[in-house]
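S.K.: Spelled out from the first residue to the last, the chains are:
Protein chains: 2
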Amino acid sequence: MIGRLNHVAIAVPDLGAAVATYRDTLGAQVSPAEDQPDHGVTTVFVDLPNTKIELLHPLGDNSPIAKFLERNPAGGIHHVCYEVDDIAAARDRMVAQGARILGPAEPKIGAHGKPVLFLHPKDMCGTLVELEQA
Amino acid sequence: MIGRLNHVAIAVPDLGAAVATYRDTLGAQVSPAEDQPDHGVTTVFVDLPNTKIELLHPLGDNSPIAKFLERNPAGGIHHVCYEVDDIAAARDRMVAQGARILGPAEPKIGAHGKPVLFLHPKDMCGTLVELEQA
Chain C
2 MIGRLNHVAI AVPDLGAAVA TYRDTLGAQV SPAEDQPDHG VTTVFVDLPN TKIELLHPLG
62 DNSPIAKFLE RNPAGGIHHV CYEVDDIAAA RDRMVAQGAR ILGPAEPKIG AHGKPVLFLH
122 PKDMCGTLVE LEQA
Chain X
2 MIGRLNHVAI AVPDLGAAVA TYRDTLGAQV SPAEDQPDHG VTTVFVDLPN TKIELLHPLG
62 DNSPIAKFLE RNPAGGIHHV CYEVDDIAAA RDRMVAQGAR ILGPAEPKIG AHGKPVLFLH
122 PKDMCGTLVE LEQA
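Residue numbers (this note's numbering), protein chains in the order written: chain C, 2 to 135; chain X, 2 to 135.
The set of hints was computed from the structure by calculation and includes no laboratory data.
Among the clues, some could well be false.
To be verified - Facing chain C, according to a computed beta carbon distance under 10 Å, are these residues of chain X, among others: (1) Asp-15; (2) Ala-29; (3) Pro-33; (4) Leu-60; (5) Gly-77; (6) Ile-88; (7) Ala-91; (8) Ile-102; (9) Pro-116; (10) Val-117; (11) Gly-127.
None of the values given here were measured: they were computed from a predicted structure.
Cβ coordinates follow ideal geometry from the N, Cα and C atoms, glycine included.
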């Protein structure tokens, strides 16, 4: 059911330093920073040949990644995002298997303009999993 | 310089449960479990269309992921692996930029039979980064 790995999201305390790490030290292509006020983050995409890394920095007072950075002050991998063809069908299948959706069961529009859901890390090998309709 | 995301490694406390999560709940293709005594892990690969997820479970008394699972008893994302064309050249470039190699500077043969190095998480946005010669 799950398809491509859409992205790996890394929360970072210093976006400029993270951009320098990926652009200069690792030599990757990075996009300009983009504020996403609806999602409480500023994002930079690292383009790899087969997927992307999404660098996330808190934006505003209620950023969903603020607590993660309190626990992980140097930053860390925040979530992985898998693509699915039909997010409602995927949700129904996973809920029937006992997986829990974080927040409302209705998919909302994510940072890429597509419907997304998050699955509870306790049901997903300790990792926060985002599903995005491809 | 870095190329494809070769894999995302997830350390798991219960390999059978992790396989069930990826195979049954998420509906992905998973490989048979394989003991890798030289690396202190048992691995299962989750094949995605563009990359793979590597489920890691400790093997033996000195597994390199044992401490990670003590800190993260439910499991969690252990590292990401980026491909490079020439690992010695990549190492030299990164060391010149101030990044630190974990362990000896000479690449060793990793779980896929190819030369690998690990970079210090403190220099990599709080994430453990493996480089593998493609």
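S.K.: Are the hints correct? Go through all of them and say.
M.R.: Evaluated hints:
1. Asp-15: The hint holds - X/Asp-15 has a Cβ within 10 Å of chain C, the shortest such distance being about 9 Å.
2. Ala-29: Interface hint status for X/Ala-29: holds (5 Å vs cutoff 10 Å).
3. Pro-33: violated (18 Å)
4. Leu-60: This hint is violated: X/Leu-60 lies away from chain C, its Cβ roughly 17 Å from the closest one there, beyond 10 Å.
5. Gly-77: With a closest approach of 4 Å, the X/Gly-77 hint holds.
6. Ile-88: X/Ile-88 check fails; min Cβ-Cβ to chain C is 13 Å, beyond 10 Å.
7. Ala-91: holds (8 Å)
8. Ile-102: Result: violated, 12 Å to nearest chain C Cβ.
9. Pro-116: At 17 Å from the nearest chain C Cβ, X/Pro-116 fails the 10 Å test, so the hint is violated.
10. Val-117: It is violated, given that the least Cβ distance between X/Val-117 and chain C is near 15 Å, above 10 Å.
11. Gly-127: holds (3 Å)
Hint compliance for this structure: hints 3, 4, 6, 8, 9, 10 are not met, and every other hint is.
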